[in-house]
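Colleague: Make the full structure from the sequences, and use the hints.
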Amino acid sequence: LTILSAVASFVLARLAGLIVPMRVDSEAEHDGLDLTSHGERAYEFD
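Residue numbers (this note's numbering): 7 to 52.
What the hints contain is simulated information worked out from the structure, not anything from laboratory work.
Note that the structure is a prediction, hence the values are computed from the model and not measured.
Not one of these hints is a red herring.
Pair ranges (Cβ atoms, derived):
id	residue 1	residue 2	range
1	G45	L10	38 to 44 Å
2	H36	S11	32 to 38 Å
3	I9	L41	35 to 41 Å
4	V30	E50	17 to 23 Å
5	A48	A19	24 to 30 Å
6	A19	T42	18 to 24 Å
7	I9	R47	37 to 43 Å
8	A14	E35	25 to 31 Å
9	L21	F51	38 to 44 Å
Every residue, glycine too, gets a C-beta built ideally from N, C-alpha and C.
Modeller: Below, the structure is given as structure tokens:
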């Protein structure tokens with residue numbers, strides 16, 4: 007049952023990845039996902 011669940015999860019994730027991108031571009035990743043997704047930073051460091 008565990009293997010079936012793992013395989014089903016993998017297949018569903020791959021199918022979802024065909025419809026909706028699972029990754030962001032490298033620039034958005036470098037800038038930070040809080041800033042690129044929400045327009046603000048989660049933490050302010052001096």
